[in-house]
Amino acid sequence: MELVYEWFRELYQTTGINLPFIYDSYDRGRLIDGFLTTVELSLICLFFSVVIGIIGAWLQGSSFTWTRRIVNGYIQLFRNTPPLVQLYFFYFAIGSMLPRVETEWGGQAPMLGSFAWAVISLSFFAGAFNVEIFRSGIEAVPKSTVEAAESLGFSRFQIYRDVTLPLAIRVVLPSLNNNLVNLVKTTTLAYAIAVPEMLYESAQIWSDNVNVPEMMIFLLIAYFVLVGILVWGMNRWERALKIPGFGS
Amino acid sequence: MSWSDKEPMISVRNVHKSFGDFEVLKGVSFDVMKGEVICIIGPSGSGKSTLIRCINALNDINEGSILVEGLEVNDPKLNKLELRKKVGMVFQQYNLFPHKTALENVMMAPIRVLKEDKKEVETRARALIKKVRLEGKENAYPGELSGGQQQRVAIARSLAMKPDVMLFDEVTAALDPETVGEVLVTIKELAEEGMTCILVTHEMGFAREVADQVYFTDQGLIVEHGPPATFFENAKDPRTRQFLSQIL
Ligand SMILES: Nc1ncnc2c1ncn2[C@@H]1O[C@H](COP(=O)(O)OP(=O)(O)O)[C@@H](O)[C@H]1O
Ligand SMILES: [Mg+2]
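Taken in sequence, the protein lines are chains A and B. Numbered per the numbering used here, the first sequence finishes at 248, counting up by one with no gaps. Numbered per the numbering used here, the second sequence finishes at 496, counting up by one with no gaps.
Extracted from the complex, chain A is given alone in its bound form (with noise of 0.2 Å):
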């Protein structure tokens, strides 16, 4: 290891280039931790917007007019608005009318950080998209076979969790697939109130060494490797779900 990191300080004093995150420990330390705040943001916001996704469109299919015209009131906001705006309307607005809360050693904090902040608003962000994304799914499942599992006696609810969500699912699996990849790379709008995810802690490093050019290559890649391992599950659980004979 030493040798590995021998040689990028070589690197740098004959070349220039500058990827102090290889070799030095400090700054190894923050980028993967960086790293791991983005991988952790990430799957959390995806596991939340895909439950709102599901929620959502069963509410969508209430009888009650209202808990319809709040769903739908929900999806136009958030789909409208800049995800950073409501970023900032999130831990700016409603963070500051939220009570302090006292922490152990007798200080005072928010009662919900930054990283909460984040996983709310991306989470609604990404989950309006998946609202309208399952809805679209539930729609393409036919009536008839709807009414055959009804003249089974299934409830509207078991209809939905057996019958009708496992085909949408299929159906959106590409769109979703879609929604979430933007998800991924949306998570660095949690720098804007200091989450310390991968973006934040690579501005940290460029901002003492003074390698930004070094560490824009590196998020790029980051990113694409990141976004890659998500496409690549999500078309494996594509293939998984493949039914003989349904679908094309």
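Since the hints were made in silico from the structure, they are not lab data. Virtual Cβ for every residue (Gly too), placed ideally from N, Cα, C. Among the clues, some could well be false.
Said to hold, decoys possible - Straight line, CA to CA, 20 Å or less: simulated EDC-like cross-link-like pairs of lysine to aspartate or glutamate:
| id | chain 1 | residue 1 | chain 2 | residue 2 |
| --- | --- | --- | --- | --- |
| 1 | B | Lys363 | A | Asp162 |
| 2 | B | Lys334 | A | Glu10 |
| 3 | B | Lys348 | A | Asp162 |
| 4 | B | Lys363 | B | Glu352 |
| 5 | B | Lys328 | A | Asp162 |
| 6 | B | Lys333 | A | Glu132 |
| 7 | A | Lys143 | B | Glu386 |
To be verified - FRET-style restraints, in silico, Cβ to Cβ:
| id | chain 1 | residue 1 | chain 2 | residue 2 | range |
| --- | --- | --- | --- | --- | --- |
| 8 | A | Lys143 | B | Glu330 | 20 to 30 Å |
| 9 | B | Lys363 | A | Ile221 | 48 to 58 Å |
| 10 | B | Leu329 | A | Ser62 | 12 to 22 Å |
| 11 | A | Ile94 | B | Arg261 | 52 to 62 Å |
| 12 | B | Arg489 | A | Pro174 | 55 to 65 Å |
| 13 | B | Lys366 | A | Phe64 | 50 to 60 Å |
| 14 | A | Gly233 | B | Gly318 | 49 to 59 Å |
| 15 | B | Arg456 | A | Phe64 | 47 to 57 Å |
| 16 | A | Pro244 | B | Arg489 | 46 to 56 Å |
| 17 | A | Arg79 | B | Lys363 | 50 to 60 Å |
| 18 | A | Arg236 | B | Glu330 | 35 to 45 Å |
| 19 | B | Glu481 | A | Thr65 | 52 to 62 Å |
Said to hold, decoys possible - Just a few of them, taken from the derived set where beta-carbon distance is under 10 Å, the chain B residues facing chain A:
| id | residue |
| --- | --- |
| 20 | Leu331 |
| 21 | Arg360 |
| 22 | Gly396 |
Following the hints, position chain B with the ligands against chain A.
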């Protein structure tokens, strides 16, 4: 409510049904005794599907009453599950769950809806698949089966709920001619075992063979009915005679 099998199992009284301004059923009445097989024939659009869909509450009715083993289908407080446990239905387009194998299609409702033990249900489901002569196709998906095979799975799926009466809505109309026979054989065996059946069909030869009563509908009314021998040989109403002459 108590019902004894001396009384009609199904009692349809003066049923009116409109879609918007369009009155599809204009006062239909008939009775079905336990073990009886009745066939409903009539021109397309005369309300046959609507009529049998009303019997298991897939459509509501505007006026009149439908009693199924003493259960009032038109009662707003009706427990639909109670009704649907009694009434099985098979559709023209089979409407199997495409993401489930033949065996799973048959097992799903007893497990999910009746919460029965999975092992017992599986034994019963395998027996039913054998009964409809699909042994060896347990693990095939609907998309891998022919229309006739899918329709027999649909019949098995309905029977798995142990219904007291079976509704068949033109179940052979979408099939290739060579697979019509295998489905009719299955239905005929059911009828011979004493299952109460209401069949909408265009298979006149079949109706003549299995029916206890044949009903002819036209423009939302029952024009005439009788045992097959009388009905097919001595139809009285000119509309019936014209229809029979076209179709025979
Ligand atoms: N859900 C519906 N909405 C509006 N009209 C309908 C609906 N279902 C059936 N109809 C109309 O009711 C009439 C009877 O239909 P149906 O019961 O399917 O007849 P049949 O099965 O005898 O061919 C048709 O004119 C059809 O267009
Ligand atoms: Mg019809």
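Check each numbered hint from earlier against the structure, then list the numbers of those it violates in ascending order.
Result: hints 2, 6, 7, 13, 17 and 22 break, sorted rising.
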